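Colleague: This is what each chain is made of:
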Amino acid sequence: MSASLLLVQLLNGLQYGVLLFLLAAGLTLVFGIMSFVNLAHGSLYMVGAYAAALTYGATGSFALAVLAAMGAALFVGLLLELTIVSRLYRRDHLDHVLATFGLVMFFNELVRLVWGPQPLFVQVPEVLAGTVQLFGFNYPSYRFAIIAVGLLVAVGSYWLIHKTRLGMLIRAGAQNPQLVGALGVNIGLLNAMLFGVGAMLAGLAGAMAGPLLSVQSGMGEPVLITTLVVIVIGGIGSVNGALYAALIVGVVDTLGRVLLPLVLRQVAERSVADAAGPALASMLVYLLMAVVLALRPQGLFPARRGR
Amino acid sequence: MNRSNTLRATALAAALVTSAVATQAATIGLMAPLSGPQALVGQDQVDGFMLAVEQLGGKLGGQAATILKEDDQLKPEVGQQIVRKLIDKDKVDAIVGLSFSNVLMGSLPRLAESGVVAIATNAGPSPIAGAQCKANIFSMAWQNDGAAEAMGKFAQDRGIKRVYLMAPNYQAGKDMLAGFKRFYKGEVVDEVYTQVNQPDYSAEIAQLQSAKPDAVFVFYPGGMGINFVKQMSQAGLGGKLPLYSVFTVDGTTLPSLGDTAAGAISAAMYDASLDTPENRKFVTAFEAKYKRTPSLYAAAGFDAANVLDLGLRKAGGDPKKLAAGVKAAGGEFKSVRGPFQFGKNNMPVQNYYAFETVRAGGKVATKQIGTPLAAHADSYAALCKLP
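Each protein sequence line maps, in turn, to chains A and B.
Count along the first sequence from 1, add 11, and you get the number used in the numbering used here.
Count along the second sequence from 1, add 48, and you get the number used in the numbering used here.
Hints in this document: simulated from the structure, not taken from any laboratory.
Hints may contain errors.
Derived pair list, reagent style DMTMM-like, types lysine to aspartate or glutamate, alpha-carbon separation capped at 20 Å [what the hints assert, rightly or not]: (1) B:Lys229 <-> A:Glu280; (2) B:Lys288 <-> B:Glu326; (3) B:Lys222 <-> A:Asp103; (4) B:Lys222 <-> A:Asp285.
Take a look, some chain A residues computed to stay more than 12 Å from chain B by CB distance [said to hold, decoys possible]: (5) Gly71; (6) Leu99; (7) Leu114; (8) Gly147; (9) Ser152; (10) Val166; (11) Trp170; (12) Gln186; (13) Asn197; (14) Met204; (15) Arg268; (16) Gln277; (17) Arg307.
Label-pair restraints from in silico Cβ distances [stated by the list, open to error]: (18) A:Leu121 <-> B:Gly110: 50 to 58 Å; (19) A:Ala159 <-> B:Asp323: 46 to 54 Å; (20) B:Thr324 <-> A:Arg276: 20 to 28 Å; (21) A:Leu295 <-> B:Glu235: 26 to 34 Å; (22) A:Ala69 <-> B:Glu335: 22 to 30 Å; (23) A:Gly141 <-> B:Asn150: 48 to 56 Å; (24) B:Glu235 <-> A:Ala279: 31 to 39 Å; (25) B:Asn150 <-> A:Met116: 50 to 58 Å; (26) A:Leu18 <-> B:Pro325: 53 to 61 Å; (27) B:Val236 <-> A:Leu145: 22 to 30 Å; (28) B:Pro435 <-> A:Glu120: 33 to 41 Å.
Just so you know, these numbers come straight off a predicted model, no measurement behind them.
Note that CB positions come from ideal geometry on N, CA and C, so glycine has one too.
Hey, can you work out the whole structure from these sequences and the hints?
Modeller: Spelled out as structure tokens, the structure:
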């Protein structure tokens, strides 16, 4: 494989990682700070994708579509927090999983009832529809836009968490929520805000993924599983960890898909390599997770906890 | 003939009459994936079937028809339970639909043992087409390799020199690429298998670009196809690198693909644009009822109901004669896809057409551009021991 192709594949990995980060950032905060397992995070991603697809179809403005996606996901997220999630914080993880898994099925069926099983069509916005010449390859401009948005969110969340009062409370809450509550901070409100921000980012990810992927019922689940892998590798509760882990998972997955079959062809018969390559590649991120869990159960970049 | 024999014959005749009375109503099980990512494919089969039943006045074979709709969720174990329930509890006269190949194969033992007529509207796996063929199991859709074979023949006839092949890494994906290669004799640049339900193909598309083939052949059903075709078009390959596909750009995915599918060529046994009198009537009726264009899956469901209707008439209320009735009906009824009959392995012998997706007045539409394989029987029939 040529060096230029390798660079393009690295870029692909980066772009995939950035998209994963948008989902992982919200999930890891909710998981780490409220100790709440939210399987319905993928549904919020779907809500964002649908809101963006419908708004884009109606208005023709992609900027409006992205705003609508974030707004819709924020609204649904807050609604969930108020009506269901806030009642579950004190219960154990199994109850969280049961309740949010129920929500996943509810949302998938709701979407199917309202918009049918037919995936929605989302076009790439006109300005980003072209390609960029890169080392002799045509690289879609839209994927650069995803990378830009993802990095912007990464910088924004760094600023939010490390430079603002809200961020300070979030960090404090991650370390010792009882003490933060005892100091007179409305921890309920903080939780709701955090949940809302996570939902909003999931909605943003859904909106950005819309033009690339098919927008349909159940689209959130496959990506949610990879996102869970990301937050486990990164260290639960750590946004920085989520960013690094998302990029690692993105690159490992992309390069694994491309390189493993090629490598296997060197050592095994062609037909065996063709079958085993993709199968092994699909396991690669889980293997990585298993290794991380065995060697560093707290994750590679854990949030510092009070001891 | 002595007396006791006469009595026995009379009793037997009476029993036959009562059983004929008892089956005055036809009960049909209709199983398809109605939830999950492939729900659209299942819904089309159900809608096509129900449209035909409605056109027949709610009757099949002249008897009031009760249709029991079941969702197999595309899970073999669920499908198996449903098939058992339909046969043992509901005592159905026939089962239609039967979902994807993996679900059909899971239900095969019970179906074979029971002798209940089964008409698959979405699958024709090679084992059933070959050594494991059964007198009571039919495919109204295709033998799985058929469309891919047609696409291979088409690429060969067009004189394409170097082709790049891609499919998901499971049995059907391998079957499709094998089917393509059975009729394509040019150079295969590379054969790439991707993960099932993989959402993003950026890495594979970069590899594809660097290989610089004359054309790419893919099998990406459902959402996978939408993702792949869109992403290929976004990478600037749409219209530049000829895209040949099966079960990827079809009636179910085209509305979600829109412009990005322009120029794509696919092979299938049916498309709504086929110009036959039966099909024009079917498309008009389907669009009037469901407000969308029927896909090949809808056509298979529609045809299955009509074959079953004629088959039930031929059997005249005798469940044992239904399989033979359905087989004969296959060659007699008017399919919306053009010429049709069941081969000796109960798989379709039919035309496989090539369709091109073209821009037409701001929208995309399909256009028939050839018939690479006419009255095509599959290559497994020789292994089938049925008479």
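Colleague: Look at each hint and say if it fits the structure.
Modeller: Evaluated hints:
1. B:Lys229 <-> A:Glu280: holds (19 Å)
2. B:Lys288 <-> B:Glu326: violated (36 Å)
3. B:Lys222 <-> A:Asp103: Roughly 45 Å between the alpha carbons, so the hint for Lys222 (chain B) and Asp103 (chain A) is violated.
4. B:Lys222 <-> A:Asp285: holds (10 Å)
5. Gly71: Gly71 (chain A) is indeed farther than 12 Å from all Cβ atoms of chain B, at 14 Å.
6. Leu99: Holds: least Cβ distance 26 Å, greater than 12 Å.
7. Leu114: holds (16 Å)
8. Gly147: violated (8 Å)
9. Ser152: Given that some Cβ of chain B is not farther than 12 Å from that of Ser152 (chain A), nearest at about 9 Å, it is violated.
10. Val166: Given a closest Cβ separation of 24 Å, the condition holds.
11. Trp170: holds (29 Å)
12. Gln186: holds (36 Å)
13. Asn197: holds (39 Å)
14. Met204: holds (30 Å)
15. Arg268: Non-interface label on Arg268 (chain A) violated, nearest chain B Cβ at 5 Å vs cutoff 12 Å.
16. Gln277: holds (15 Å)
17. Arg307: The assertion about Arg307 (chain A) holds, with a minimum of 27 Å to chain B.
18. A:Leu121 <-> B:Gly110: 50 to 58 Å: The hinted range 50 to 58 Å is violated for Leu121 (chain A) and Gly110 (chain B), with Cβ atoms some 41 Å apart.
19. A:Ala159 <-> B:Asp323: 46 to 54 Å: holds (49 Å)
20. B:Thr324 <-> A:Arg276: 20 to 28 Å: violated (47 Å)
21. A:Leu295 <-> B:Glu235: 26 to 34 Å: The hinted range 26 to 34 Å holds for Leu295 (chain A) and Glu235 (chain B), with Cβ atoms some 31 Å apart.
22. A:Ala69 <-> B:Glu335: 22 to 30 Å: holds (24 Å)
23. A:Gly141 <-> B:Asn150: 48 to 56 Å: violated (41 Å)
24. B:Glu235 <-> A:Ala279: 31 to 39 Å: The hinted range 31 to 39 Å is violated for Glu235 (chain B) and Ala279 (chain A), with Cβ atoms some 23 Å apart.
25. B:Asn150 <-> A:Met116: 50 to 58 Å: For Met116 (chain A) against Asn150 (chain B), whose Cβ atoms are near 23 Å apart, the range 50 to 58 Å is violated.
26. A:Leu18 <-> B:Pro325: 53 to 61 Å: Holds, at about 57 Å.
27. B:Val236 <-> A:Leu145: 22 to 30 Å: holds (28 Å)
28. B:Pro435 <-> A:Glu120: 33 to 41 Å: This hint is violated: roughly 47 Å between Cβ atoms.
In summary, the structure is inconsistent with hints 2, 3, 8, 9, 15, 18, 20, 23, 24, 25, 28 from the numbered list given earlier, while agreeing with the others.
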